[in-house]
Amino acid sequence: MPASNYTLNLDELRLPESPSVESVRVREIIDSLGDPALWVWVVLKEPVSDEERSYRRVRPIEIKIREFLSTHRGDNRFPYLTFLTPTELAQETAV
Amino acid sequence: MSLHGDLLTQARHLALNEPRRPRQASLRRAISAAYYSLFHRLVSDSSHFVFGGARGRRNARAVLARCFDHAAMAACCKAYFAGALPARVNVFSPRSPITADLRSVAEAFIDLQEQRHWADYDTAAIFNRADVLRMVDKTADATEAWDRIRKTDDAAAFSLCLLFWKALKDR
Numbered sequence: 001m002p003a004s005n006y007t008l009n010l011d012e013l014r015l016p017e018s019p020s021v022e023s024v025r026v027r028e029i030i031d032s033l034g035d036p037a038l039w040v041w042v043v044l045k046e047p048v049s050d051e052e053r054s055y056r057r058v059r060p061i062e063i064k065i066r067e068f069l070s071t072h073r074g075d076n077r078f079p080y081l082t083f084l085t086p087t088e089l090a091q092e093t094a095v
Numbered sequence: 001m002s003l004h005g006d007l008l009t010q011a012r013h014l015a016l017n018e019p020r021r022p023r024q025a026s027l028r029r030a031i032s033a034a035y036y037s038l039f040h041r042l043v044s045d046s047s048h049f050v051f052g053g054a055r056g057r058r059n060a061r062a063v064l065a066r067c068f069d070h071a072a073m074a075a076c077c078k079a080y081f082a083g084a085l086p087a088r089v090n091v092f093s094p095r096s097p098i099t100a101d102l103r104s105v106a107e108a109f110i111d112l113q114e115q116r117h118w119a120d121y122d123t124a125a126i127f128n129r130a131d132v133l134r135m136v137d138k139t140a141d142a143t144e145a146w147d148r149i150r151k152t153d154d155a156a157a158f159s160l161c162l163l164f165w166k167a168l169k170d171r
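Residue numbers (our numbering), protein chains in the order written: chain R, 1 to 95; chain S, 1 to 171.
Keep in mind that the hints were calculated from the coordinates and are not lab data. In this text, all values refer to a predicted model and were calculated from it rather than measured experimentally. Beta carbons are placed, not taken as given, at the ideal position from N, Cα and C, and that holds for glycine. Incorrect hints may have been included.
Far from chain S, some chain R residues (derived; all Cβ distances over 12 Å) [claimed, not checked]:
| # | residue |
| --- | --- |
| 1 | N5 |
| 2 | L10 |
| 3 | F68 |
| 4 | H72 |
FRET-style restraints, in silico, Cβ to Cβ [claimed, not checked]:
| # | chain 1 | residue 1 | chain 2 | residue 2 | range |
| --- | --- | --- | --- | --- | --- |
| 5 | S | T123 | R | S70 | 31 to 39 Å |
| 6 | R | K64 | S | D120 | 27 to 35 Å |
| 7 | R | T87 | S | V63 | 25 to 33 Å |
| 8 | R | P60 | S | I126 | 19 to 27 Å |
| 9 | R | R73 | S | Q24 | 32 to 40 Å |
| 10 | S | A60 | R | L10 | 35 to 43 Å |
| 11 | R | T87 | S | G56 | 37 to 45 Å |
Start from the sequences, fold in the hints, and give me the full structure.
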């Protein structure tokens, strides 16, 4: 069965202003435990500094997205998040 | 320094060692080292919880440490993260809701184990340094959270659950 993909609405997410998020893409996956799960690409607007990409700075975004998925969408699948730039996403997609 | 401390240091070193373009192999090993840092920390403390810290019990702790199952530990962490513990586990760990520190340890373990799986087995995956450092810092954060709670009854219950999850989950 093909994996389902969708994008979260940034207006609904109400993420912190910085670092600025361009898009949040979600793919339904089966994780290594064999459980249904979500893989979430958080695409950060460029330019973005290393400091803005640090754990301390992106952690509030991570918490917001996890909370949104479970509370607002009622989705209890575990979301695995990865943060990347559009350039890095293009490289990943090319592979 | 401890094995788990050394592994965390190694993870950061691997992620930062090549200043321009880090090798994918380095970033993959950084993820793996970060995961094993948290894994060994939890296993070590759980083994100490069962047998105590006496030097004469070192072999007992070492044998017990080999009994921990990665998948069962992650499944246990998922239940803790979701706040959905089996009734029998709630007898061990009566505090409700699960503390933020314990939840963050569980969350980090799930995240790290999956990332390690991708890093070690998915040759098509591409890792970026900033995201790998995020995972290393998440490991450090979870370790600090564990330090704050490791002597509590909740942590003791969590330790037992990590070890006996398969036996406890359906009860």
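Quick rundown of the hints versus the structure:
1. N5: Answer for R/N5: holds, closest chain S Cβ roughly 17 Å.
2. L10: At roughly 20 Å from the nearest Cβ of chain S, R/L10 sits farther out than 12 Å, so the non-interface label holds.
3. F68: holds (15 Å)
4. H72: holds (16 Å)
5. S/T123 with R/S70: 31 to 39 Å: For S/T123 and R/S70 the Cβ distance comes to about 32 Å; the hint holds.
6. R/K64 with S/D120: 27 to 35 Å: Holds, since R/K64 and S/D120 (Cβ atoms, about 30 Å apart) stay within the stated range.
7. R/T87 with S/V63: 25 to 33 Å: violated (49 Å)
8. R/P60 with S/I126: 19 to 27 Å: holds (25 Å)
9. R/R73 with S/Q24: 32 to 40 Å: holds (33 Å)
10. S/A60 with R/L10: 35 to 43 Å: violated (54 Å)
11. R/T87 with S/G56: 37 to 45 Å: violated (57 Å)
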